[in-house]
Amino acid sequence: MGNFNCQHSSIIVSMLSLLILLLLNSHVALCSCYKRIYSFGDSIINTGNYVYLVSNSSSKYKEPPYGMTFFRHATGRMSDGRVLIDFYAQSLQLPLIPPNLPENTSGQFTHGANFAVLGATALPPSFYKGLNHSVSTPWCLGVQSGWFEEMLKRIAPGTVTPMI
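Residue numbers -31 to -1, 1 to 133, in mature numbering (1 follows the signal peptide of the UniProt record, and there is no 0), belong to the letters of the sequence shown in order.
Wrong hints could be hidden among the right ones.
What the hints assert, rightly or not - Quick list of simulated restraints, FRET-style, between CB atoms:
{"#": "1", "residue 1": "Gly111", "residue 2": "Glu32", "range": "26 to 32 Å"}
{"#": "2", "residue 1": "Ser103", "residue 2": "Pro64", "range": "33 to 39 Å"}
{"#": "3", "residue 1": "Phe40", "residue 2": "Leu100", "range": "37 to 43 Å"}
{"#": "4", "residue 1": "Gln59", "residue 2": "Arg123", "range": "23 to 29 Å"}
{"#": "5", "residue 1": "Asp49", "residue 2": "Ala125", "range": "21 to 27 Å"}
{"#": "6", "residue 1": "Asn101", "residue 2": "Pro33", "range": "35 to 41 Å"}
{"#": "7", "residue 1": "Asn101", "residue 2": "His42", "range": "39 to 45 Å"}
{"#": "8", "residue 1": "Lys98", "residue 2": "Lys122", "range": "26 to 32 Å"}
These aren't lab readings, by the way, just hints derived from the structure by calculation. From a predicted model like this one, the values you see are computed outputs, not experimental measurements. We treat Cβ as the ideally placed atom computed from N, Cα and C, and that holds for glycine.
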């Protein structure tokens, strides 16, 4: 189990290091060479998918103070202001990336989409069940990838091949 965590930690550190290098490189930010961001993950980059998924139940993320510092109203983000992906988008001179689910049927996602959900895991719940662990959310990376494929089928019909 120790190797599992270390391996994933080193991958995460490598990815974050690469992103930081890209963002610190003023040439990359100024060239406007990135047109879209598609993000997957958990609460650190969730821009509102969780609130949409639990829309019929109460959620503290629908109320202040969440969103108050930057947006002046609740946004579904798991902070009182912007989340990590918001800073990346702004550094790359893109607008803030919308959550996928509220706009799933109509949105064109001109600048990308966010698929992240609070509590998401990389592996499916069945993996954790096999280890006698429980997870509180079914929205793992595989589910988010499925949402991405569905969005691609809608905005670019006939050009999508299954990822998984």
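Hints, verified against the model:
1. Between Gly111 and Glu32 the beta carbons are some 31 Å apart, a value that agrees with the proposed interval 26 to 32 Å.
2. Hint check: Ser103 to Pro64, Cβ distance near 38 Å, so the stated range 33 to 39 Å holds.
3. Distance hint check: the CB atoms of Phe40 and Leu100 are about 39 Å apart, consistent with the given range 37 to 43 Å.
4. In this structure the supplied range 23 to 29 Å holds for Gln59 paired with Arg123, their Cβ-Cβ distance being about 27 Å.
5. For Asp49 and Ala125, the Cβ-Cβ distance of about 36 Å falls outside the hinted range of 21 to 27 Å, so the restraint is violated.
6. Asn101 and Pro33 have their C-beta atoms about 39 Å apart, which keeps the hinted 35 to 41 Å range intact.
7. A beta carbon spacing of about 42 Å between Asn101 and His42 agrees with the range 39 to 45 Å that was offered as a hint.
8. For Lys98 and Lys122, the Cβ-Cβ distance of about 30 Å falls inside the hinted range of 26 to 32 Å, so the restraint holds.
Checked against the numbered hints above, the structure breaks only hint 5 and satisfies the rest.
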